[in-house]
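**Student:** The working numbering puts the first residue of the sequence shown at 83, with every later residue one more than the last.
These are calculated hints, taken from the structure and not from any lab test. Predicted model, so just to flag it, every value in this text is computed and none were measured. Glycine is no exception: its CB is placed at the ideal position from the N, C-alpha and C atoms. Be aware that one or more of the hints could be misleading.
What the hints assert, rightly or not - Computed spacing ranges between beta-carbons, pair by pair:
| hint | residue 1 | residue 2 | range |
| --- | --- | --- | --- |
| 1 | Val133 | Arg109 | 30 to 40 Å |
| 2 | Pro113 | Asn89 | 31 to 41 Å |
| 3 | Thr106 | Arg126 | 27 to 37 Å |
| 4 | Leu98 | Glu129 | 35 to 45 Å |
| 5 | Ser92 | Leu162 | 21 to 31 Å |
| 6 | Ala123 | Gln167 | 13 to 23 Å |
| 7 | Thr94 | Glu129 | 28 to 38 Å |
| 8 | Ala161 | Leu98 | 24 to 34 Å |
| 9 | Asp104 | Ala161 | 17 to 27 Å |
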Amino acid sequence: MKESDTNTISETNWELIDSLTDETVDRKELPPLDDSFFAKARWRMPENKTVPVTIHIDPELLSWFRSQGREYEHRMIAALRIYAQVHKDMGMPSA
83 MKESDTNTIS ETNWELIDSL TDETVDRKEL PPLDDSFFAK ARWRMPENKT VPVTIHIDPE
143 LLSWFRSQGR EYEHRMIAAL RIYAQVHKDM GMPSA
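Construct the entire structure; sequences and hints are all you get.
**Tutor:** In structure tokens:
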């Protein structure tokens, strides 16, 4: 990828994207996510080193992540990574 590629202004209609809801997204061309799909699915986590931190989390949120299995902390990291990447890609300033 050339540096000039990252300077191109997006032609994506972000207002339209933001206005979409589950009901308005056309899924006709997508295959169904049935039991056979999930039987073959595998959880893949990046192998990055982590730094131990202490944060305050709502009990219900922690309970939900724990209910997802023994790798719940890795799933929490993945969720934070996805959130950060989406906001980074949208050009949103960091706090």
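**Student:** All the hints need checking, so say for each whether the structure fits it.
**Tutor:** Here is what the structure says about each hint:
1. Val133 with Arg109: 30 to 40 Å: For Arg109 against Val133, whose Cβ atoms are near 39 Å apart, the range 30 to 40 Å holds.
2. Pro113 with Asn89: 31 to 41 Å: 36 Å, holds
3. Thr106 with Arg126: 27 to 37 Å: Once the Cβ atoms are compared, 30 Å apart, the range 27 to 37 Å for Arg126 and Thr106 holds.
4. Leu98 with Glu129: 35 to 45 Å: 37 Å, holds
5. Ser92 with Leu162: 21 to 31 Å: Since the Cβ atoms of Ser92 and Leu162 sit about 25 Å apart, the hinted range of 21 to 31 Å holds.
6. Ala123 with Gln167: 13 to 23 Å: 21 Å, holds
7. Thr94 with Glu129: 28 to 38 Å: Cβ of Thr94 to Cβ of Glu129: about 32 Å, so the range 28 to 38 Å holds.
8. Ala161 with Leu98: 24 to 34 Å: 26 Å, holds
9. Asp104 with Ala161: 17 to 27 Å: Given range 17 to 27 Å: holds, Cβ gap about 19 Å.
Checked against the numbered hints listed earlier, the structure breaks none of them; every hint is satisfied.
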